[in-house]
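There are 2 protein chains.
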Amino acid sequence: MKENKCFSRLVYRGRILDLYKDNVVLEDGREAEREVVRHRDAVCVLALRDDNNIIMIRQYRYPVGKEIMEIPAGIMEEGETPIGAAFRELKEETGYTAGEMEKVFSFYSSPGFTDEKLHLFVARNLTAGSQNPDPDEQIDIVEIGGGEAYDRVIKGEIEDSKTIIAILYYNKLFGN
Amino acid sequence: MKENKCFSRLVYRGRILDLYKDNVVLEDGREAEREVVRHRDAVCVLALRDDNNIIMIRQYRYPVGKEIMEIPAGIMEEGETPIGAAFRELKEETGYTAGEMEKVFSFYSSPGFTDEKLHLFVARNLTAGSQNPDPDEQIDIVEIGGGEAYDRVIKGEIEDSKTIIAILYYNKLFGN
Numbered sequence: 003m004k005e006n007k008c009f010s011r012l013v014y015r016g017r018i019l020d021l022y023k024d025n026v027v028l029e030d031g032r033e034a035e036r037e038v039v040r041h042r043d044a045v046c047v048l049a050l051r052d053d054n055n056i057i058m059i060r061q062y063r064y065p066v067g068k069e070i071m072e073i074p075a076g077i078m079e080e081g082e083t084p085i086g087a088a089f090r091e092l093k094e095e096t097g098y099t100a101g102e103m104e105k106v107f108s109f110y111s112s113p114g115f116t117d118e119k120l121h122l123f124v125a126r127n128l129t130a131g132s133q134n135p136d137p138d139e140q141i142d143i144v145e146i147g148g149g150e151a152y153d154r155v156i157k158g159e160i161e162d163s164k165t166i167i168a169i170l171y172y173n174k175l176f177g178n
Numbered sequence: 003m004k005e006n007k008c009f010s011r012l013v014y015r016g017r018i019l020d021l022y023k024d025n026v027v028l029e030d031g032r033e034a035e036r037e038v039v040r041h042r043d044a045v046c047v048l049a050l051r052d053d054n055n056i057i058m059i060r061q062y063r064y065p066v067g068k069e070i071m072e073i074p075a076g077i078m079e080e081g082e083t084p085i086g087a088a089f090r091e092l093k094e095e096t097g098y099t100a101g102e103m104e105k106v107f108s109f110y111s112s113p114g115f116t117d118e119k120l121h122l123f124v125a126r127n128l129t130a131g132s133q134n135p136d137p138d139e140q141i142d143i144v145e146i147g148g149g150e151a152y153d154r155v156i157k158g159e160i161e162d163s164k165t166i167i168a169i170l171y172y173n174k175l176f177g178n
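Residue numbers (the working numbering), protein chains in the order written: chain A, 3 to 178; chain B, 3 to 178.
In case anyone wonders, no lab produced these hints; they're calculated from the structure.
Remember, it's a predicted structure, so these values are computed and weren't measured experimentally.
Warning: the hint list may mix true and false statements.
Which copy is meant is left open, because identical chains are indistinguishable; a pair holds if it fits in one copy or across any two.
[Stated by the list, open to error] SDA-like mimics (lysine to any residue), calculated; alpha carbons at most 20 Å apart, straight line:
| hint | residue 1 | residue 2 |
| --- | --- | --- |
| 1 | Lys119 | Thr83 |
| 2 | Lys174 | Asn55 |
| 3 | Lys174 | Asp153 |
| 4 | Lys174 | Tyr152 |
| 5 | Lys23 | Arg11 |
| 6 | Lys93 | Gly158 |
| 7 | Lys23 | Val13 |
| 8 | Lys68 | Glu79 |
| 9 | Lys4 | Gly147 |
| 10 | Lys23 | Pro137 |
| 11 | Lys4 | Gly67 |
| 12 | Lys93 | Val13 |
| 13 | Lys7 | Glu104 |
| 14 | Lys23 | Asn6 |
One chain only, chain A, in its complex shape (with noise of 0.2 Å):
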């Protein structure tokens, strides 16, 4: 069932999200409020050391109040392809630079109220180097093993979405 926007306005206009508050009409005629959060997209990448070691980052969240682990990641900047946002996170946060860089599917983080899509990629053949992260950032660089990081994410010590499904594809891929 389509809904169709009849009214959009702008809260805000942020530096990393817009928020609009929209009215819609569904196909039966009835209205409904739709809080939206416009986000640019974002690309993720599950670094693959040659004896198949998981690369990570541990960095304090300030919307979770806490450091969490994650898969290194950011928001594509104005022009990039995501495989060029790819490269570009993996090195700026991690210091790794990819010979291989493979797409694996993309996916909306939370559909109910926003527009945020993150594309997953796969990274090989890495040469380490130093990292670049943003003058804000501060990230810790953590090497874990498949089975480890599949542990961690069953006991709940590993949070985050996109971490969690490159975990999990992870062990598909390589049916442990």
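Since chain A is already given, all that's left is putting chain B on it; use the hints.
Just chain B now, with coordinates in the frame of chain A:
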């Protein structure tokens, strides 16, 4: 590196989300701005029939402008427990009453900008009944095998993160 809030501005108080623009002080004394969407916790349910087929729903999602396939899910109500919300949302959206509801793990949908947390459950021993969706929801029920669900994730046809997590977890569970 913890980020300490020094100023918080409520930009918008809404029906399903609130938007804050906060100023924080990093551990090294620098300041930064954080846009945060505060969102109530939600639940999602991997509902398995006796033959282990998955009960999914198809609904129009206004933020992404199309119909997508998802597992049953919804926002927790005031004072409700996660498991209580899981039983309620499964019944409302699919008509099924679960004889068994088991917590899997919880995760953040997109911790870079929102505190939204989802609690994933597996439901079994389902008894069919009538749907009772929210007045502004129209939901079609789809039954799908775990192998087909996995193939549709890989092909990019299932694009919702919580649903991808549930399907990859299912495939791990049953060793497909």
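Results of checking the hints against the structure:
Taking the shortest Cα distances, Lys119 and Thr83 sit within 20 Å of each other inside one copy (13 Å), while across copies they are farther apart (29 Å). In this assembly of identical chains, the alpha carbons of Lys174 and Asn55 lie at most 20 Å apart whether taken from the same copy (15 Å) or from different copies (19 Å). Proximity of Lys174 and Asp153 under a CA criterion of 20 Å is satisfied in both settings, with 14 Å inside one chain copy and 12 Å between copies. In this homomeric assembly, Lys174 and Tyr152 come within 20 Å of each other (Cα to Cα) both inside a single copy, at 11 Å, and across copies, at 10 Å.
Taking CA atoms no more than 20 Å apart as the test, Lys23 paired with Arg11 passes in both settings, with 5 Å inside one copy and 19 Å between copies. Taking the closest pair of Cα atoms, Lys93 and Gly158 never come within 20 Å of each other, the shortest separation being 28 Å inside a single copy and 26 Å across copies. For a Cα distance limit of 20 Å, the shortest separation of Lys23 from Val13 qualifies both inside one copy, at 7 Å, and across copies, at 13 Å. Proximity of Lys68 and Glu79 under a CA criterion of 20 Å is satisfied in neither setting, with 26 Å inside one chain copy and 25 Å between copies.
Taking the closest pair of Cα atoms, Lys4 and Gly147 never come within 20 Å of each other, the shortest separation being 44 Å inside a single copy and 27 Å across copies. Taking the closest pair of Cα atoms, Lys23 and Pro137 come within 20 Å of each other only across two copies (19 Å); inside a single copy the shortest separation is 32 Å, beyond that limit. When the C-alpha separation of Lys4 and Gly67 is checked against a cutoff of 20 Å, the pair qualifies only between copies, where the shortest distance is 8 Å, while the shortest distance within a copy is 37 Å. Within a single copy, Lys93 and Val13 get their C-alpha atoms no closer than 35 Å, and across copies no closer than 34 Å, so neither meets the 20 Å cut-off.
In this homomeric assembly, Lys7 and Glu104 never come within 20 Å of each other (Cα to Cα): the closest approach is 37 Å inside a single copy and 39 Å across copies. For the homomeric pair Lys23 and Asn6, the shortest alpha-carbon distance inside one copy (14 Å) is at most 20 Å, but the shortest distance between copies (30 Å) is not.
Of the numbered hints given earlier, the model fails hints 6, 8, 9, 12 and 13; all others are met.
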